[in-house]
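Enquirer: Chains as they are written, first to last, in this note's numbering: chain B, 1 to 84; chain D, 1 to 102; chain G, 1 to 96.
The set of hints was computed from the structure by calculation and includes no laboratory data.
Nothing here was measured: the structure is a model prediction, and the numbers come from that model.
Using N, Cα and C, we set each Cβ at its ideal position, and we do this for glycine too.
Treat the hints with care, as some may be off.
[Said to hold, decoys possible] Keeping only pairs whose Cα atoms sit at most 27 angstroms apart, straight-line, the calculated DSS-like set for lysine-lysine is:
id: 1; chain 1: D; residue 1: Lys36; chain 2: B; residue 2: Lys13
id: 2; chain 1: B; residue 1: Lys24; chain 2: B; residue 2: Lys13
id: 3; chain 1: B; residue 1: Lys59; chain 2: D; residue 2: Lys41
id: 4; chain 1: B; residue 1: Lys24; chain 2: B; residue 2: Lys59
id: 5; chain 1: B; residue 1: Lys24; chain 2: B; residue 2: Lys58
[To be verified] Quick list of the computed label-pair ranges, beta carbon to beta carbon:
id: 6; chain 1: B; residue 1: Gly83; chain 2: G; residue 2: Lys74; range: 45 to 51 angstroms
id: 7; chain 1: B; residue 1: Leu10; chain 2: D; residue 2: Gly50; range: 29 to 35 angstroms
id: 8; chain 1: G; residue 1: Leu77; chain 2: B; residue 2: Lys24; range: 33 to 39 angstroms
id: 9; chain 1: G; residue 1: Ser34; chain 2: B; residue 2: Asp46; range: 40 to 46 angstroms
id: 10; chain 1: B; residue 1: Pro54; chain 2: D; residue 2: Lys41; range: 34 to 40 angstroms
id: 11; chain 1: G; residue 1: Leu17; chain 2: D; residue 2: Val75; range: 25 to 31 angstroms
[Unchecked claim] Far from chain D by the CB rule (all over 12 angstroms, computed), these chain G residues:
id: 12; residue: Asn71
id: 13; residue: Lys76
id: 14; residue: Leu77
id: 15; residue: Asp78
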Amino acid sequence: MASQVLPLELIDKCIGSRIWVIMKSEREFTGTLLGFDDYVNIVLEDVIEYEITPQGVKKTDLAQTLLNGSNIAMLVPGSDGPGY
Amino acid sequence: MKPHELIALDTNHSTKIAMSSAEGPTHTGSPTDFLKGVVGKRVIVRLNSGVDYRGVLSCLDGFMNIALEQTEEYVNGNRTNSYGDAFIRGNNVLYISAAEPL
Amino acid sequence: MDASVTGIQEPLDLIRLSLSERVFVKLRGDRELSGILHAYDGHMNLIMSDVEETIMIVDPESTLNGRGVVNVAKRKLDMLFVRGDGVILVSPPART
Chain B
1 MASQVLPLEL IDKCIGSRIW VIMKSEREFT GTLLGFDDYV NIVLEDVIEY EITPQGVKKT
61 DLAQTLLNGS NIAMLVPGSD GPGY
Chain D
1 MKPHELIALD TNHSTKIAMS SAEGPTHTGS PTDFLKGVVG KRVIVRLNSG VDYRGVLSCL
61 DGFMNIALEQ TEEYVNGNRT NSYGDAFIRG NNVLYISAAE PL
Chain G
1 MDASVTGIQE PLDLIRLSLS ERVFVKLRGD RELSGILHAY DGHMNLIMSD VEETIMIVDP
61 ESTLNGRGVV NVAKRKLDML FVRGDGVILV SPPART
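Please model the entire structure based on the sequences and the hints provided.
Expert: Pasting the structure below:
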């Protein structure tokens, strides 16, 4: 029987690594994952925010940031992001 | 009423945060730890609409409801308003970012 | 700032301390209210009186580069229930 790995156990292994966060809207973040909770609220460090608009991508640098989990769609572990 | 009692009662709010470290992962760097470190500091609160509020974080609860002091509102980078105090309903919050070293 | 200095332990205390005072409320849909706060609950449902509502009518063409408000409508309302899910921000009067 295959061992069951819970989704958040995988994310837990990414703590300390870069992670790419894709929101439900046209917005993405990359940063170093410091921690998260059961609601997948996420704490990131050395963050870049990407706002994808018809006019282009707007990038914003942020320090330590708590990202609300309620609008997160996907997490890409170990990725340094979209490369915009 | 304590935050966890509100969580049990409230059905309108979908935004929640594990306030007790017993609920979430125990390593440092969790949302709870971040919030403990950032209360009293200058922060940027960005809403889902893209509007930013810059101010000193007074306190917050399990829904990410926020009380800010010396609040300045920015729309598209332009300052549009300022408030001595502001209560921000948590469901609108995209992120809380430290605006000074922790 | 220390909570013992401000007398605020949780965000809703800010609202509690504003009861019977004139508050500014920012709502979804580019609406703003100014009125006397009479009651609130954990959803941020509000009862307000002597309310002035300001509705920003936004031009979608000019919103792209910022301040795109082309028209402002105002009206007075004597007594009002505000459903909490529309509330973005509540600002109490300045504390002294």
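Enquirer: Would you mind marking each hint as holding or not holding in the structure?
Expert: Hint check results:
Distance hint between D:Lys36 and B:Lys13 is fulfilled; the C-alpha atoms sit about 24 angstroms from each other, no more than 27 angstroms. With a CA separation close to 24 angstroms, the supplied pair B:Lys24 and B:Lys13 stays within the 27 angstroms bound. About 24 angstroms separates the Cα atoms of B:Lys59 and D:Lys41, which keeps this hinted pair within 27 angstroms; it holds. A C-alpha spacing of about 18 angstroms is found between B:Lys24 and B:Lys59, which places the hinted pair at or below 27 angstroms, so the restraint holds.
The straight-line distance between the Cα atoms of B:Lys24 and B:Lys58 is roughly 17 angstroms, inside the 27 angstroms bound, and the hint therefore holds. At roughly 48 angstroms, the beta carbons of B:Gly83 and G:Lys74 sit within the given window of 45 to 51 angstroms. In this structure, B:Leu10 and D:Gly50 meet the distance hint of 29 to 35 angstroms, their C-beta atoms being roughly 31 angstroms apart. Hint check: G:Leu77 to B:Lys24, Cβ distance near 34 angstroms, so the stated range 33 to 39 angstroms holds.
Between G:Ser34 and B:Asp46 the C-beta distance comes to about 41 angstroms, which sits within the given range of 40 to 46 angstroms. At roughly 35 angstroms, the beta-carbon separation of B:Pro54 and D:Lys41 lies within the given 34 to 40 angstroms, and the hint holds. Take G:Leu17 and D:Val75: their Cβ atoms lie about 27 angstroms apart, and the range 25 to 31 angstroms holds. Listed as a non-interface residue, G:Asn71 keeps its Cβ farther than 12 angstroms from every Cβ of chain D; the least gap is roughly 17 angstroms.
Distance check for G:Lys76 against chain D: the nearest CB is about 22 angstroms away, which clears 12 angstroms, and the non-interface claim stands. For G:Leu77, the shortest C-beta to C-beta distance to chain D comes to about 21 angstroms, beyond the 12 angstroms cut-off, and the non-interface label holds. Taking the minimum C-beta to C-beta distance to chain D, about 24 angstroms, the non-interface status of G:Asp78 holds against the 12 angstroms cut.
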